[in-house]
Every structure is written in C-alpha cells, then in structure tokens.
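Q: With the hints in hand, could you dock these two chains into one complex?
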Amino acid sequence: MSQDTENIIDHVKLFRQPEYTSLFENKKRNFEGGHADEKVAEIGEWTKTWEYREKNFARQALTVNPAKACQPLGAIFAAVGFESTMPFVHGSQGCVAYFRSHFSRHFKEPSSAVSSSMTEDAAVFGGLNNMVDGLANTYNLYQPKMIAVSTTCMAEVIGDDLDSFIKNAKAKGSVPEEFSVPFAHTPSFVGSHITGYDNMMKGILTHFWEGPAREENGKINLIGGFDGYSVGNLREIKRVAGLMDADVTLLGDNSDVWDTPTDGEFRMYDGGTPLEAAKAALNAKATILMQQFGTEKTTAYIADKGQETVVLNYPVGVAATDKLVMAFSRLSGKAIPTELEKERGRLVDAMADSQAHIHGKRFALYGDPDMVYGLAAFLLELGAEPAHILATNGNKAWAAKVQELLDSSPYGKDCQVYAGKDLWHMRSLLFTEPVDFLIGNTYGKYLERDTGTPLIRMGFPIFDRHHHHRSPTWGYQGSLNVLVKILDKIFDEMDKDTNIPGKSDYSYDIIR
Amino acid sequence: MSLDTKASNKELIDEVLSVYPEKGAKKRAKHLNVYEEGKPDCGVKSNIKSLPGVMTIRGCAYAGSKGVVWGPIKDMIHISHGPVGCGQYSWASRRNYFIGITGVNAYGTMQFTSDFQEKDIVFGGDKKLDKLIDEVEDLFPLNKGISIQSECPIGLIGDDIEAIARKKSKQYEDKTIVPVRCEGFRGVSQSLGHHIANDSIRDWVFDKVEGKFKAFEGTPYDVAIIGDYNIGGDAWSSRILLEEMGLRVIAQWSGDGTLAELEKTPKAKLNVLHCYRSMNYISRYMEEKYGVPWVEYNFFGPTKIEASLREIASHFDDTIKEGAERVIAKYRAMADTVIAKYKSRLEGKKVMLYVGGLRPRHVVGAYEDLGMEIVGTGYEFGHNDDYQRTTHYVKDGTLIYDDVTSFELEKFVEKVRPDLVGSGIKEKYVFQKMGVPFRQMHSWDYSGPYHGYDGFAIFARDMDMAINSPVWGLTRAPWAK
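Line by line, the protein sequences are chains A and B.
Residue 192 in our numbering sits at position 192 of the first sequence, and the numbers go up by one each step.
Residue 1102 in our numbering sits at position 102 of the second sequence, and the numbers go up by one each step.
Please keep in mind that the hints were generated in silico from the structure rather than gathered at the bench.
Just so you know, not all the hints are guaranteed correct.
What the hints assert, rightly or not - Taking lysine-lysine pairs in the DSS-like style, the calculated list, with each CA pair at most 25 angstroms apart, reads: (1) B:1411 with A:145; (2) A:323 with A:297; (3) A:170 with B:1027.
To be verified - Okay, the calculated bits of chain B under chain A, using three or more residues with CB under 8 angstroms as the criterion: (4) 1170-1176; (5) 1234-1243; (6) 1396-1408; (7) 1443-1449.
We put the beta carbon where it would ideally sit given N, CA and C, even for glycine.
Bound conformation, chain B alone (with noise of 0.2 angstroms):
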C-alpha cells in the first residue's frame, strides 16, 4: 500500500480517537494501528477489557463455552444454567450442522436451561440442577453426557455445580456430566470461555477416560479435526479432503462431533487445528500429556488449502504425501474453473474484514485467491500471538483495529469505502444501509460451507453475488442531488 494509505490510515485513526473523552481515547489509541512491513505484530494491544459504554461487538465467556466449544457436541445435553436468556439468544443460531435425530439422539439445536427464578438466587440453584438431570434422564435417555454452562449468576450466588456434577454423575453410572465455569462476566471476552471450556474437557472428560479405549484399534493414519465447528457444513467440507489424502478422522471438535470423538482424540497421531483461537489450548495439552503434535491448517481458498494439505502429509509418510498431490489435482481444475470466472468481475476489489477466532487472517487468502485486496482487519476477541500469525498474511499499510467500537468501525468504513464488509449479523445492516456490499463471515449468512475445495466455489459465488448484486445501483433516487 501507497505512503499516502499509510498516512492516511493514520489519520483516520486520529480522527476518530478525537471524538473520545480523554480517557477512552487514551485506552483505543492502543487498539488501532497501522501494519508496517517487517513488525514481528501488528502494532495493537489486545486481549484486554472492552470500555465501558462503546459499543463492543463482543460476547462474553458463556458464548465461547456453550456457543462454540460445548454447544456443537451433539449427543450431549447442554443445560444453560441460570436464567432464561443466555441459552434463548444462542439457541440454534450458530449453523453447527450435524446429523441426529433432534430430541431423541441429538439435541444441537434445542434449548436446555433450568430458567432461574427470583428463588433460585435467593436460595441457591444446586437442588433444582440436582432434579433438573433426573428429568433430562428421564426424557432424554439416549443422551451420552451432561454439560452445565454457568451463567452470572451461578459464580455470583456461590453455587456447588461441581458437587452436584460429582454427585449425579456417580448416581447414572459414571456417567459424564462437566461443569463449566463460563459465567459471563469472566475475562474480556468469549476467549476466556473457549479456555475454561477446554479445560472442562481436559478435566471432565480426559481424566475420566483413561484406559478405557485399550481396545481402539488405531491406525498410524489417525488424525483429528480440531477447531472446527461445521458452520454450514465446513468441517464436512474439509473431512472429505483430508479422508480422501488417505488419513483417517477419528474426531472432529467440535462441530458434529460427539463425546465419543472428543474420549478417543488423544489415540490420534496428529491433531490439525483449524481455529487456533479456541482451541489451542487442548492441543498444547494434548501433545504434552498424551504426546499427540498438532499443526495449523487453513482451508480457505486453493492456495491456503494447497500449503496446508501439504503441510499435513509432511506429518505423514510418502503414501499421504502422495495422496495429499492427489488430492491437489483432482480439484486444481475446479478451483482454476472457479476463478476464472469470478477474479474477473471481483479483482481490486477491496475489502474490510471484522470478525473472531482465525478468520480475520485466515480468510485472507481466499480472496486474494480471487484478486481481491484485504484493507482493513481486525479481531473481536484475537490475542497477541493472534496478531502476530496476522503478519503472515496482511500487507504494508494494512488497518488494523483491535475489539473496534461500532462507532470506530463505521467511520473506517465510511472513509475507507471498501467494496465489501465481511463481518457479523450486528454490522451486516449498517452498512448495507450505506451501500456498502456486506457478507457474514461468522455464519456464512445462512450459506457455505465455505471451507475446503467445495467450500471455495461458494464463498466465490457469494462474494460476487454480494458485491456484484443490481440493487446497490439502486441506492440512490435518480432526481436525488
């Protein structure tokens, strides 16, 4: 990017911090940069607290735990422990595919929640959890574990989930049941949430299933997909590659995944993350207690998908090596198909990104993939060594902004007038008010999936379809000066 983007970035950024009291000013003067070629980061701080009365477009650790990690797992009940709300918003809203009979075998898409009243606070909430597992058991026979996510209130009133988890758990036969501290209120962040729910499945699962897969007949081909949810479908979209390369998915965390994937995950051979973010921590855990390595991959767009298949068989023998070269022939022609007719009506287009986990930098690639230019970044909840992985993948002069405020994200976008926004359901209508072509990066907005070879030739459709769509000529009255 030109010295005049640099410095016109900058000055954008002032500009905004000027409208601040002081205070505030002083705090997101911090979370704003400009990428300069070379810096081991991005030049933000992060991971920190959001200010007060912003308009933060973050969630909270309950969302990390049960919207991300937890709530995907399927044969799992997941209750949403406290008052009605937390479980109500998040219910089914995330497009965690999976495949189950719903209430029966499968519960992703329901809403458990013990719906406190004003005497569960009062009194205290264990006795009715206490009961409440006796009626998941008794109209949910088929369900293979437990998990309690705490909201507020739970970790302000003082409740024993974990007497109550140890109790019943001995009462059904050992069955699984995990309490998760995930109360809203902790850290800055869903991040915290993905931390203290991979914890639970370290302590609540993992301690628990030691010894008991002796007879799992394991192959050296074993992999596990981690850090996936399957929103829309994606972690299907990137199985088949990885099957097809001749490796074997043992499991896949957390998106359609079940517990018996999550018990068997430490017998893989090589654990491959997708989103570093929420997951890492179980992978570090996994290598050292169990001694399973794990890789980062990134499946968006063929280049990205190239290195990382790549990347993956460099794990493995020649047999994987081969099938991974296999693999990048057999859709070299598609992804090649696919561009071809869309970098066309999408290159130098611009484009500002705003979203969480990995895809700030990670689906970076893709549209460059499709000549497209990322200007602007940034992470909802992304920490140091997030931005530092950004390098790889932003260029000089880049607009980074770190937790960004509504009101810093509008006027970027408002100056900056990108060809496309991709960020989440709470920006999507702003700036598509002020005609500017939107995409949801976190759901897809309701298509995908968007990982994978099958996943590219959708997202480059919908990119053109939102880009290229006849009613942004429309805006504008004709008789309008």
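Chain A with its partners taken away, still in its complex shape (with noise of 0.2 angstroms):
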C-alpha cells in the first residue's frame, strides 16, 4: 500500500503499516545481529532491580543524561537580556551554533549570537586575531549597542585572557574605544549553565559600575538568574512591581528579545535593560535575586557594592511570593495594595478547592537548583509529598537548604535529596520508589515511557510542548499557571484510568 493522496501519513502512522513493520522484521532477524529477545527483556527487567540501581549509584566516572548544560549557554541568556546587545562567544564555532539551536528549540523564537571561530592555528597561537577581526565583523554587520563576550572551553584551555585581548581590539580599532565590550571567562567544564549566567551577569554589572561613586537613590534592582520561563516571569514581575508601585529595574531582561510578533518584521534586538539602566543600577537601594544558587557571585559582587541583597528561591507558591511582595514592599516603602492581597487570595482559593487531588500524591522532582526548590516549597503548601529531589548541577549547600525545607513540613520526611545525580539515576528511583508523578524538561518523557510516571513539564529546556514559557511561573499568577499545570495531569491519569467501558468508567467521573 502507498499513500492515500486524501490522506498523506507521516512517521507518526506511515511505519505501521505492514509492509515497513515487515521491513523492520527482516531487517532486524537477518542483517542487525542483535541479541535475542529474551535476553534484551532479562536485562530491561534487571535495569529496573534495586541490585540496578546500586550499581548505577556507584557510578564515579561516566554520566547518562545530566540534567545540566554549560556555561557560555548561561552567559549567552544573561546577555541577550541587555538592551541590543550581541553575544559573542570566543571560541570554537560550533558551540554557538548549538546554543542558538538550543534556544530556539526552546523559545521558538530568533536567536542571536557570534563566534569567534577559532580552528586550528588559533590553538596553536592563541585567538587574539579571532577576537581582533570577529569584533569588528560583529560591530558592522549586526550593529550592537553592546558585545557581551564570553568563552568555549577551547579558549579556556589554551588560555586566552579575554580582558587583554579586548583592550587590543579596541587599540587596533575593531570598535570604538568608549563601546561597551562587557566579558565573562565561561569555562564548561566547571559548573554549568546557571554558573555561566552568574558570571556574565556579574562581568556585565562590573562593565558599569566599576568607576563610579555609588549614590544610593530608592530603586530596586531585580536579577531572575537562568530561567526557561523568563519570558513570562519578567513580565510578571514587571506587573507586579507596576502595582506595587515599585521603581524595580530588572537586569538582565529578556523577555522581548525571546517574544517578538510574526508582523513581517524580524527585529534581531528587542527590549532589553537599557544600558543607561544598567549603568544607574549601582544607586540601586538593593538587589533581589531570583535564585540565589544561579546567582551566587553576582550576589557577593552587587553586596561588595554596598546594596542590600535579597536572595530568593524561585518564588513558585504562597510563602515565597509573600516573601517577594513584602521585600518590594519593604524596600519601596509603599504598602502593598489590596489587589494584589485579592491576588494571593485567589490563590489560596484555588489550592483550597483543588488540594484533595493534589493532597498525599507523591513528587519526583528535578531540574535546575532554585527552581526545584521553589516547586517544592510549593508541593508542601499543597499537602504533596516530594519523594526524589534532584539537581545534577546542585551542590551540597543547596542539598542542605532543600533538606531544610523538608524537614520543616511533615510532609517532607519520607524525601531524599540527590545533588549531581543524573537523570539515568532517576530511572532507578522511580522504578525502585515508585512516585505518581514526576515533574521534569522534556527529556523527562524517557523516564515517562521507561517507568510510567507521568510527566509534568517544567524547566528547561522543553522542546516538545509550545508556548508554555510565555506564561508566568512566578508570583501568585505564575502559581496557579503551576497548580493548574499539575491538576490537568493529574485529572488527565484519573480519566486515562477509568475509562475503560463496562469494567472501569463507574470512576469515569463528570464532576471532579
């Protein structure tokens, strides 16, 4: 049979058909030279044993599926959210091209970024003539108002100085000597991508404040860290400072840049902190910082300044949003308006109605630091039990932070926590101490199909499902886009469940 011209069919349905699952067949028994099928099941089941998983805990040198990027990606994110500012990463070229791959996957959205690329020869004589051409190339075709420069690893190991070789391009005039050629060193094999985002953000603020006496003025700044739902939260915390009638300036903002109209229009540089605003951000009064596990030298670098320092953890839920409202409100001096109040009772209305479904469920949980601990925090208020916390680019401050989160509520002590594990260990926690959910990036789908956890996305990247990043997950609004988030999964698996005609739909309920 080949195709219906009324009715095309493509992977999803075309290799089911007989003739390909035959195809697959003799391919398989005559040509693959595969082991046998019940040897392939004997060792799928054992995978799933705890005998598995103790083998797979004793790993010390190979990882399976982290759950962790590196750093100029992180660098690259800091960046792009300053006003026309070009990323421009010294190195070899391929690792750009992933990254704005990477991004775009994610944001379905432009990305931008240069490179500076650099073979061969330049890892022999180092990239200086890289750096020298590559700027000027940058400043004339792309015309930034900034170039934000970080490092691939290539650089890093044959030691490339950045600051030196910026002075250089400026004396031989790749760009003019008063433009804006903030840098960070990047090396990937040391942190990951939150770590990356913390250097360039603190190589950026150093740019601007380096120089200047400091004359504290009322304003505060804010710093989200690396965040797969920037687009959504900046906005949201835009909003929320317009009604708390806060003087807030976010550092870093890129959530124009990644959110820009289908209008015939391509705009390379969108939004952004202006660079004037950059600069003043020195008076700030304070800094709120988002994630303070994402933004831990920026943090001592901006208190070294003299600024208050507010470090939050992902403000997902009732108490931490509370916590952020009363800092605006603390710093501001203006009182915080019943609105938002309404706002904070809506959602605990919400959890309210929805908490029995939620209510004993248990959590597996990773992704990025803070935002783990933000979704935990919040699963806690929900009466839900967090049973695997893992962060593969967590640390042991951040294991011993989460832990006291845990051991706060009751319904945190049957939790253990995993710093730098991977996602091939979650594998053999969610066989060996099976959970009802698992809430993860989109490569949380193979542990999904593997185990049969549903999965919840959240975090980043995600790849296979659209838009969710334009929707806050911060604040009171972010929080109910994540109740209502975890709620649909949760219906959807009691439906999945009961469905079945004569033997299980008495369960099938239309009110739930």
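A: Here it is, written out as structure tokens:
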C-alpha cells in the first residue's frame, strides 16, 4: 500500500503499515546481529531492580542523561537581556551553533549570537586575531550597542585572556574605545549553564559599575537568573512591581527579545535592560535575586558594592511569593495594595478548591537547583509529598537547604535529595521507589516512557510542548499556572485510568 | 532567469558586501555569486574558514562525527568525551529514527558524557575514560561497541584516547572501541568531522573484522545504503524501494544502523550513496580496498527517484532492471495524484534554500516536480565537488551563497522575497517573523520522511501547508499603514 493522497500519513502512522513492520523484522533478523529478544527482556527487567540501582549509584566516571548544560549557554542568556546586545562567544564555532539551536528549540524564537570561529591555528597561536577581526565584523554587520564576550572550553584550555584581548582589539580599532564590551570567562568544565549566567551577569555589572561612585537612591534591582520561563516571569514581575508602584530595574530582561511578534519584521534586538539603566543600577538601594544558587558571585559582587541583597529561591507558591512581595514593600516603602492581596487570596482559594486531589501524592522533581527548591516548597503547601528531588547542577549547600525545607513540613519526611546525580539515576529511583508524578524538562519524557511515571513538564529546555514559557510560574499568578498544570495532569491520568467501558468507567466522573 | 534577475542578484551581493569591514568583504566576496549557465561550478570558493564574528550557521567536527556519522549507530554507546555541553545540545535532536529498547539494547537517544571537570583538564582525562568504559560495560552489558567522540579539550590537553581504546578493547574480549579525534576546533565546519569519522570506521572497524565474516552468505543483489541518517525515517522509505526492486539491503549507514551492518558492508556488491558529502570517503575506500563500487542516488521527488532507481539497476542484471521498472510503475499513479493535488497550489512559487550535506541540490528536483522554482541555494559546509554537482540542478542566474552569514541570508531573503525558505532551526523564526513561510530542511520540521515515494507525498503536503497557511494573511494588522 502506498500513500493515499487524500490522507497522507507521516512517520507517526506510516511505519506501522505492514510493509514497513515486515521490513523492520527482516532487517533485525537478518542483518542487525542483535541479542535474542529474551536476553533483551531479561536485561531490561534487571535495570529496574535494586541491584541495578546500587551499581548505577556507584558510578564515578560516567554521566548518563544529565540535567545540565554548560556555562556559555547561560552567558548568552544573561547577555541578551540587555538592550541591543550581541553575545560573542570566543572559541570554537560549533558551540554557538548549538547554543542558538538550543534556545530556538525552547523559545520557538530566533536566537542571535556570534562566535570568534577559532580553529587549529588559533589553538596554537591563541585567538587574538579572531577577537580583533570578530569584534569588527560583529560591530559592522549587526550594529549592536554592546557586545558581551564569553568563552568556550577551547579558549579556556589554551588560556586566552579576554581582558587583554578586548583592550588589544579596541586599540586596533575593531570597535570604538568607548564601546561597551563586557566579558566573562565561562569554562564549560566548571559548573553549568547557571554558573555561566552568574559569571556573565557579574561581568556586565562590573563593566558598568567599576569607576563611578555609588549614590544610593530608592530604586530596586531585580535579577531573574537562568529560567526557561523568563519571558512570562519577567513580565509578571514588571506587572507586580507596577501594582506595588515600586521602582524596579530588571537586570537582564530578555522577555522581549525571546518573544517578538510576527508582523513582517525580524527584530534581532528587542527590549532589554537599557544600558543607561544598567549603569544607574549601581545606585539602587537593593537588588533582589530570584535564584540564590544561580547567582552566587553576582550576589557577592553587589553586596560588596554596598547594596542590600535579597536572595530568593524561585518564588513559586504562597509563602515564597509573600516573601517577594514583602521585600518589594519594605524596600520601596509602599504598602502592599489590596489588589495584590486579593490575588494572593485567589491563589489560596484555588489551592483550597483542589488540594484534595494533590494531597498525599508522591512527586519526583528534577531541574535547576532553585526551580526545584521553589516547586518543592509549593508542593509542600499543597500537601503533596516530594519523594526524590534531584539537581545535576546542585551542590552540597543546595542539598542542605532543600533538606531544611523538607524538615520544616511533615509532608517532606520521606524525601531524599540528590545533588550532582543525573536522569539515569532518576530512572533507577523511579523503578525502585515509584512516585505518582514526575516534574522535569522535556527529557523527562524518556523517564515517563520507561517507568510509566506521568511527566509534568517544567524546567528548561521544553522542546516538545509549545509556548508554556510565555506564561509565568512566579508570583501568585504564576503559582496558579503551575497549580493548573499539575491538576490537569492528575485529572488526565485519573480519566485515563478509569475509562474502560463496563469495567472501570463507573469512576469516569463527569465532575471532579 | 532573466538578465534583470542576474543583474539584481549581483547588485544584491555588492550591497551586502558593502557593509563588511574591508578585509571581511574581500573574503566573503569569494563565497557569493550568481550561477552562470555552462560553467563547471557555481563560481564560489568553499570549505574555507568562517570569518570570526559574522554569525556563521556552521557547526564543528564533533557535530559532524557524533551528531551525523556515529550517533545513529544504535547498538553502540557514543561517549561525548569532554565537558557536558556538546553532548547535551546534540542529545536526540537530529531525529535519527531507530528501533530498539533504549537503554537496554539501543542508545540512540541517550547522552553519555565524561562531564569533564577542572581536575580532568589539569590532570588529563584518560583515567576517567578508563573507568568510564568499565561502568558502561557494567551498566549497559548489551552494547555492541563504544565510540569516544572527542570534544575540544581532548586534543589540547594531550590525552591518549587511542591507548585507552586499545587497552579496554583487549580487556573486554576484543570489543570494538573507537577513538575519534573530532575535536570541534579541527577543520572549518562539520565536514572534517565526517571525514574523521569515516576514517575511524576504516581504522577501527574494518581493519578489525577482516576475515570475521567468512560465513557470510552473500547474494548477487546485496547493497548497502550509505549516507542516509534515517531522519524521520528516510532510510526506511528508501530501503523499501530497493527491496521492492529485488535488492537485498545488508546495511544502513548510519540511520537505524548497527555495528554488525557496518562490519558486513565490504561484502556488498554495490554501495548506494545518498549523502555524498558525509560518506564519500568511506565509499571510495571500500571501492579501493574491497572492490565495492558505489553510485550516488537521489530519492527526493519522483523525477529523481525514477532516474536513481534506473541508475542503481544499471549495475545489476535484468531481474533488477525489471524490478526498477516495476517499482516505478507501481508508484507512478500515486506520485501523479500527489502532483495533481499540490502543483496547482504551489506552481511558480520561489524557494530559497540554505542547508548542509546534499540537500542544497538534492531537493531541487522535488520542488520542481511540484512546479516550484529554486532562486537561491548554498551549502553550510560544501566543497567544490558539491558546487560542481549543483550545476546539474540549478538554473542560470540562481543566487549562490557558501557558508552564508545570518546577515547575508536575511538581506537576500528580504530583497528576493521568496515564497518559501528551506533552512535550519536557527533560521526558521527569523524568516517567519518577516512573514516568509519556512520549512526546516535538516529535521524536516519534525515531519518526514521525505525520501522515496512515501516521503514525497509528505514533502508535498508539508510545503503546501507552509506556504498556504492562513496565518501568513494575518501578519499585518488591518489598521497598519
């Protein structure tokens, strides 16, 4: 049978046709040289056991399916949050192709960044010429107001020095002397993408803040950190700050550049923190940092400049948002408006309406350290029971802080925290100590397939569902979105579990 | 194309070059041209270093080896050796379909990495690799082999991955363990990675198995599919045609492929090569060393499929030649109905392409079968032999751009205003914002297959839905001036 023009079928259905299934069978039987089906089934079962789990957790050298990326990705994330800024990654060019693809697949948006395209000769002689020519080309072709330079591991291993290279390039006229070229060394063999964000944010602030004397005003800075929901979240923060009448400067606001309209014009740059505002941010009274573990160096730098720093852990849920709103209020001296108090009440209302469906459900979570902390806190507020909390890029301090949170609630008592582990570890956890739901990024779908644990998609990257990044996960409104996301999955699963006519469909309730 | 088009294309090239600093303009000028009918190539230089800072669309040697050639071999474990990023960004993103139980006897959509830390850079990563292979063997006992895909630091810190590969191979009963020196800084694009990966198959797979397949029962009709990565199932919708014409496909390189298939390939009577760019090296080697001839083919669109089936059949006896005619006859009605349905909706539409490998030329025929016209094309990492082959596909006056920069492509599309752009994920949203319909021509935009007759129907459907989507009528607000 070949295609029916009136009903053309693609990969989803095409390869289930008998001519293809027999092709697969023939290929497997005659040419692939694979193991016997029984052996494959036996090993498959073995991977589900405690014995396998113990071997799996004994790994020291091998990482399988990690939930983290490398530093320069985060550096780009921070850089594009500034007005007309072009991220420039010094080193091999393939990295930049990967970063751009990665962001485009998540945000469904263009993602501009350039590379200095270093090759073998640069590996031997250093990449100075690449920097000199590269900055000139970028400046002329893409007319940025700022070029933010980070590094790939190649440039780091050979020891290229960005500070001197940029000075050299300026001396050679690549870009005007007064043109802003902040930089950060972002070796991919240290930390993860959140480290790169931290380094670049600190690099940009250092560029603007070194020199002028600080004259404190009443403004508040806010730094979001690396966050797959930055488009929705930073806009939500602006809305909340507006309601509060607080004078907030977002540092690294990429909510517009990763959410541009389709109206006939491609905007390589859109929105972002104005460079003047970034400069003036030195004078703010305080900076609120939404992700403690993703902005540690930036926090220290800001504190060192004499500002108060308020450090949060991804404010999702009631108490975490209360903390944010109260910080806004305290720092701005403005009272929390009734409207916001009502929003809070509506979130609590929704939680009260639905908590019975979430109460006592066991969850596994993984993702960036602060996001999973925030989500865990929210789950505890709902009476859910986190069971496994994992961050490949989490450290000991993070694990201790999550443990402290778990210890604060009776619902946290059966939970284990895993810092530095990967999704192959998580697979063993889900087989040996099953949970009701898994919260994680797109790659969690492999765990869902293998272990049957329903996946609630939250985190970065999300490649296989569209547009969720446009809705906030922070604040009362964002928490409501997260609640609905969780509830939808719970109800969908309940329906799927009760829909066999005459067998289980007495529970296929029309009202839940 | 008219003289006007030729002249305006030339003007357009001058216009984009005028924005570059002098040095850059001089270099880029060699990569942009207008095809002149009758010339032996497209009049551009290629396979040259990208300029720094211009936003090249190219990737690296690691991408060419791990991402393209090796990654799809499903029963081997491919270790991204070095820091975490490379493996993470290339994790399952190329849609190399395969059949197998992931994590048990197939590993194509998994990310295995040595996740280098600072101490590995300082003290070297060989010990870690040694231990890592033990852990792979322990946890994934059904794997048939291991490849070590080097990331940038490996070559810079002086690790001896070949020594580790030999040592561990000996330790595990002569297991196939392939060290690949595909560090991202090598060469100028993905292309060198393809070559290095091809060579590693020669050195670490072929050399090892000589004599191993004495018992292999060949037939006169044995072929291997080379250079089809089974994106969205392309190799399957190709294989079915070869089998229907009476050939026996003994190996797929490398989509849905296995180590056993690689090893058996020297026993083929003919290698049929789809992606010339990424696998011509090993095809030539097999011809020289084992006497296996190879033939290029093109399974995009009925015109090229028919010609290719006959070309492949010409290497065999009448049984196969008749088989080819039978296959052509079988599918002609379907192909004609597809064309009848979509041609009226697509006739005369102009297309600009910018892709890698074989596609900047290979897909031209499929568009032309639907009455569409290619007005511009270029290769991410083509060589001169690609541009020579392109002359058989493109018309006089076609805009040619090699290793195009984002700036150039944007300006070209803005001025030429094609009805469709076919390129990659990094380009997709740029052109859609501009209101220009777009299809990803690396990943088939998550659709496919596009190869073969079954694939052509999907291709036609997808191009139609891209171009004729009602959404393009909404991009301007009614009140906008």
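Q: Evaluate each hint against the coordinates.
A: We went through each hint and held it up to the structure:
{"no.": "1", "hint": "B:1411 with A:145", "verdict": "holds, 21 angstroms"}
{"no.": "2", "hint": "A:323 with A:297", "verdict": "holds, 22 angstroms"}
{"no.": "3", "hint": "A:170 with B:1027", "verdict": "holds, 22 angstroms"}
{"no.": "4", "hint": "1170-1176", "verdict": "violated (count 0)"}
{"no.": "5", "hint": "1234-1243", "verdict": "holds (count 5)"}
{"no.": "6", "hint": "1396-1408", "verdict": "holds (count 3)"}
{"no.": "7", "hint": "1443-1449", "verdict": "holds (count 3)"}
Against the hints set out earlier in the document, a violation occurs for number 4 only.
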